[in-house]
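Participant: The residues making up each chain are set out below.
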Amino acid sequence: MKMRMREAIVSALADEMRSDPTVILLGEDIAGAGGPFKTSDGLLDEFGPMRVRDTPISEMGFTGAAVGASALGLRPVVEIMFMEFLGVALDQLVTEAAKFRYLSAGQISCPLVVRASIGAGLGFGSQHSQTLENWVTSTPGLKVVTVSSPQSAYDLMRSAIRDPDPVIVLEPRVLYADRSEVETGDHRIGKLGVAHLAQIGEDLTIVAMGQTVNIAVRGTQQAGVSADIIDLRTLAPWDRETVFNSVKKTGRLVVIEEAPESGGWGSQIVSAVTENQFRDLKSPTVRITTPNVPVPYGKKLESKFLPSPDEVAHTLSEFLETGNVPAPWWVREGYVQ
Amino acid sequence: MSTVLKSTETAIQRREALARGAKQQFERMIEIRTIEAVVNDLFAAGSIHGTTHLCVGQEALDVGIALALRPTDMVTATYRSHGIALALGMTPLEVMGEIMGKDVGCTDGVGGSMHLCDMSVGLLPTFAIVGAGYPVAAGAALAFQTLGQDSVALAMAGDGSTNIGAFHESLNLAAIWKLPVIFVVDNNVYGEYSRIDTTTPIEDLYLRAASFDIPGIVVDGMDVTAVEAVVRQAADRARRCEGPTLIEAKTYRFSGHSRADQAPYRPVGELESWQQRDPIKLMSEKLVNEGVLTSDQVLQITESTRESISELVAGLEALPEPEYSAMFNNVWTTEKVT
Ligand SMILES: Cc1ncc(C[n+]2csc(CCOP(=O)(O)OP(=O)(O)O)c2C)c(N)n1
Ligand SMILES: [Mg+2]
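Respectively, the protein sequence lines represent chains A and B.
Counting from 1, position 83 in the first sequence corresponds to residue 83 in my numbering; the numbering is continuous, with no gaps.
Counting from 1, position 154 in the second sequence corresponds to residue 1154 in my numbering; the numbering is continuous, with no gaps.
Extracted from the complex, chain A is given alone in its bound form (with noise of 0.2 Å):
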């Protein structure tokens, strides 16, 4: 069925309460108004309100709430509309939940999903716009999946609501209106950190994740590359395998994060790699991200921040040309030495 990735959230949701009674969601607007995003409409009608609950303005009070409630039998969804505001939330998340395991010496399980709408390129400025993925990656005990699809998300979300450990979900806000088919079921849970092949190819390796995916296949495409683009799907564990038997195979790896340079997701891709298949590679590893700048406002602006079709195009001709590593845009212009 074709539907919006709203709603293949919204069907993957109700999904995992209609076979889960201990399923309960929590999260600003989410019951009445079926979500700022409308990722739950329709679900205080089905489940009721002791099952979708509207919280306060208190991302630490609920999303702590959430973390208490799934020690003790529960598997709570928060939604965290903008993921900025898991700011004032993250003790709850990265030195409570991530620890809790840990801490108990394995007495206690936190199943526990924060689902948080993440990115750029609707224009809502600096302070909603960012990805910030890394406040989260680097915390062992959690894990960490960003969706890029209708399908993706709807097999992410289930399998993360079924996983035993707190789920970091991402959801890309610009993809929330995208449309393509969906396979429901339970057939599509899943195991976390297992990445998705969206292309196969031959001339090199793209990892990409959110928003990048759909970025990179149109790049690709442009730019006239035969490239294997993996959606990452999960970054906390991510899937080595699949990443390093493809540079097995190509040679050459391209990561493009929604991120800025410096700090960003795909280091860590591209150390690995690095440290693991040295001898694999024919050229330099190249990363493509956004300039490190907060996000800007104006559509003008925020187009060219994002890593766009245009630039993959440029860089990955460039790159497969010279087999050097082409200056980033804001570079080659002269907008940073």
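Read the hints as simulated data drawn from the structure, not as lab findings.
Hints are not guaranteed to be accurate.
[As the list claims (entries may be wrong)] Here's a subset of chain B near chain A, in silico, CB distances under 7 Å, partners left out:
(1) G1050
(2) D1261
(3) F1328
(4) V1331
[Unchecked claim] With a straight-line Cα cutoff of 25 Å, these simulated SDA-like cross-link-like pairs (lysine to any residue) come out:
(5) K299/A - H1049/B
(6) K1178/B - D1223/B
(7) K299/A - Y1265/B
(8) K282/A - F244/A
(9) K249/A - D203/A
(10) K38/A - A1260/B
(11) K299/A - Y1206/B
(12) K300/A - P260/A
(13) K299/A - D1103/B
(14) K38/A - V1268/B
(15) K300/A - P326/A
(16) K300/A - D178/A
(17) K282/A - N245/A
(18) K1286/B - V1268/B
(19) K304/A - T1334/B
(20) K1281/B - V1038/B
(21) K249/A - V270/A
(22) K299/A - I1129/B
(23) K300/A - T1051/B
(24) K38/A - P1267/B
(25) K300/A - V1268/B
(26) K299/A - E1311/B
(27) K304/A - S1047/B
(28) K1006/B - Q1300/B
(29) K304/A - R218/A
(30) K1006/B - T1305/B
(31) K299/A - E1323/B
(32) K299/A - L1093/B
(33) K1178/B - D1197/B
(34) K38/A - L1319/B
(35) K1336/B - K1281/B
(36) K300/A - Y1265/B
(37) K299/A - Y1324/B
(38) K300/A - K282/A
(39) K299/A - R332/A
No experiment lies behind these values; they were computed from the predicted model shown.
Glycine included, every Cβ here is placed at the ideal spot set by N, Cα and C.
Got chain A; can you put chain B with the ligands on it based on the hints?
Facilitator: Just chain B with the ligands now, kept in the frame of chain A:
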């Protein structure tokens, strides 16, 4: 550059103009209302991308606060700040320019509707994170106290923000350190799509002052003069080193929460009953009754404001978007650091 794209007055002159009298205050309220109507239309038409939060119905609160403070006092405010920015003195050019993402805006167009700032009239960069302005205002007050300055800080935020930790932590800090800060809660009945009674156990938020042993005052947020009086009283107290005050202003959010929201969740008749207390309607009635303005003059002010704002917007629309270099400015200092 066309003449509409130059302000004839500076922000500080506009701030001083408010003190001249009720007519100027009324004109500023009309200016805010007019700009919000235009902003609403521009977003609805898709001419500006992103989102916006209108302060229609809350103009008296904004102007009352501006009247009671000095330009050297500091204000923290929220994503719903077009009104307070204009009231404090920011020019329609720098406010509209920013909302429209042009480089004549107050942050050169990189901030947008939720991020306004002008330190010349005491507006710190507005906060898009609920509650984030409270501790920063306490910190501004900490600086004033430590440096021995007699300025005050004022944090304004909505009813919904009193449920976040930062509110309670800031009031507690301010109380124990007797910081010269005023916390103004704009109780407009809604936080996003939720009515206050569904998120908050009390509807009279000034009561929250009791647990910090500081004064809690409630004021009619639809009345400029009443707002000015209580804010001035709190500012005087703060300047006398007697510590913070919590003020709750009863207002009503006449618009939806943000661009896309038509507010279908409102009980029937609620908006209409608050519209009876529309601050602009109340003020124009008062000024006409007192003979300060005639009804013709009221219409004339409304009309001429509409004209000048339309001209400004047309001028802004003709401007190109900023150069790409704009996004690289002001990320870090360009001063030599030794
Ligand atoms: C920490 C945080 N949580 C949630 C939001 C999303 N949000 C923006 S405004 C808003 C409602 C705030 O209500 P209130 O404090 O009453 O202010 P009002 O919008 O009515 O002016 C919410 C939930 C946010 N910006 N920051
Ligand atoms: Mg409110």
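Participant: With reference to the structure, classify each hint as holding or not holding.
Facilitator: Status of each hint after checking the structure:
| no. | hint | verdict |
| --- | --- | --- |
| 1 | G1050 | holds, 3 Å |
| 2 | D1261 | violated, 9 Å |
| 3 | F1328 | holds, 5 Å |
| 4 | V1331 | holds, 5 Å |
| 5 | K299/A - H1049/B | holds, 7 Å |
| 6 | K1178/B - D1223/B | violated, 29 Å |
| 7 | K299/A - Y1265/B | violated, 31 Å |
| 8 | K282/A - F244/A | holds, 14 Å |
| 9 | K249/A - D203/A | holds, 8 Å |
| 10 | K38/A - A1260/B | holds, 12 Å |
| 11 | K299/A - Y1206/B | violated, 41 Å |
| 12 | K300/A - P260/A | holds, 18 Å |
| 13 | K299/A - D1103/B | holds, 13 Å |
| 14 | K38/A - V1268/B | holds, 23 Å |
| 15 | K300/A - P326/A | holds, 23 Å |
| 16 | K300/A - D178/A | holds, 22 Å |
| 17 | K282/A - N245/A | holds, 15 Å |
| 18 | K1286/B - V1268/B | violated, 28 Å |
| 19 | K304/A - T1334/B | holds, 23 Å |
| 20 | K1281/B - V1038/B | holds, 19 Å |
| 21 | K249/A - V270/A | holds, 16 Å |
| 22 | K299/A - I1129/B | holds, 22 Å |
| 23 | K300/A - T1051/B | holds, 16 Å |
| 24 | K38/A - P1267/B | holds, 21 Å |
| 25 | K300/A - V1268/B | violated, 41 Å |
| 26 | K299/A - E1311/B | holds, 23 Å |
| 27 | K304/A - S1047/B | holds, 19 Å |
| 28 | K1006/B - Q1300/B | holds, 23 Å |
| 29 | K304/A - R218/A | holds, 16 Å |
| 30 | K1006/B - T1305/B | holds, 16 Å |
| 31 | K299/A - E1323/B | holds, 12 Å |
| 32 | K299/A - L1093/B | holds, 20 Å |
| 33 | K1178/B - D1197/B | violated, 31 Å |
| 34 | K38/A - L1319/B | violated, 36 Å |
| 35 | K1336/B - K1281/B | violated, 54 Å |
| 36 | K300/A - Y1265/B | violated, 35 Å |
| 37 | K299/A - Y1324/B | holds, 11 Å |
| 38 | K300/A - K282/A | violated, 36 Å |
| 39 | K299/A - R332/A | holds, 21 Å |
Violated hints, listed in ascending order, are 2, 6, 7, 11, 18, 25, 33, 34, 35, 36 and 38; each of the other numbered hints is respected by the structure.
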